[in-house]
Amino acid sequence: MIVRILGEGQYTVPEDQRAALAKLDDAIAEAVDHGDEDRFAEALAALTAEVRSSGEALADDNFAPSDLVVPFSDATLDETKALLADHGESTGSDDH
Amino acid sequence: MGVMKRMSGILQAKTNKLLDKAEDPRESLDLSYQKQLESLQKVRRSVADVTTAKKRIELQATQLQGQADKLQNQAKAALSQGNEDLAREALSRRAALADQLTDLKTQHDQVSAQEQKLIDTAQKLQTQVDSFRTKKETMKATYTAAEAQTKIGEAVSGISESMSDAGMSMQRAQDKIDGMQARAGAMDELLASGALTDLTNPVDDIQAQLNKAGTTSQVDAELAALKAEVGAGTPPAPELGAAEATSAEETPS
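Note that the protein sequences, when read in sequence, are chains R and V.
Quick note on the working numbering: the first sequence kicks off at 32 and runs consecutively.
Quick note on the working numbering: the second sequence kicks off at 0 and runs consecutively.
Okay, chain R solo, but in the shape it has when bound (with noise of 0.2 Å):
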């Protein structure tokens, strides 16, 4: 799977790591519930570490879409927050 973290780039990342990712995924998701900043931004260097490691840096020449995107590198809670309350179509009614 492709996965983008924004404004760095894209990697490949095996699929066999989709339910490590969902784990940190979680973890973030958690923090941002919470409205926890550590914890946010441990999860989310965790998350970047891991897709960092297990993945490969896609070109810059390749086009594919991502399946995936995690939020900038150092990005704080309240942005992440913001950013996920202005395009509500995807808040709250997610079911996992």
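What the hints contain is simulated information worked out from the structure, not anything from laboratory work.
All residues carry an ideal CB built from backbone N, CA and C; glycine is no exception.
Do not rely on the hints blindly, as some may be mistaken.
Coverage of chain V stretches by chain R, computed from C-beta distances (three or more under 8 Å per stretch; other residues unrestricted) [to be verified]:
id, segment
1, 4 to 10
2, 112 to 125
3, 148 to 162
4, 166 to 178
For this one, chain R is given, so just place chain V on it according to the hints.
This is chain V only, laid out in the frame that chain R set:
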């Protein structure tokens, strides 16, 4: 995949806005290429904006540093005149400026980081634009095949996604810079109003005291020299004064 899926949706929504749904996939290739060029120009302009903001902060820091250095020298001069209170005053004002300098340095670091990110974004986009220009012609030539049609769709949404990402990065940098611009504006006003420069202005109070002390000691030195020259001669002034007073009394009205 909560956050990542939602982020993906957000990026997709932005990308869809970028994409005019052209009937002919070949048209969508050209259209998308045009958008890339525009997008690249915007990022370049944004880099220029950030660089300007950085230069402005550098200029302010230079001004403040100059004032801090001057206060340091004034403190030294005051000490050499034996005026410790004045030296203390100069140093405490210097400390206030140092705080502002630290603040400016932090801002400078942040702006530099944003600048570097935008430069990277521009470079990445440039590579993509160059590569897309040649690829789109190849794709047009092979368009008749059904497979090519799918590939064009993918390539167009892929490249548009990159543009959306670049757009978001740019907006983010702009937001950060806007906040700093407001502070830099306030600092410019402060510098222009003289609230900061007055401290170290050539006629500021510290310099005035230093000058006065300097003048006093110079006058004392000259006076001492004159005394030595004249020796112990009796000053004639009192006699002259008395004579004048007498003549004034004698003048008839």
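For each hint, the structure was consulted:
1. 4 to 10: holds (count 7)
2. 112 to 125: holds (count 3)
3. 148 to 162: holds (count 8)
4. 166 to 178: Per the Cβ count (3), the hint holds.
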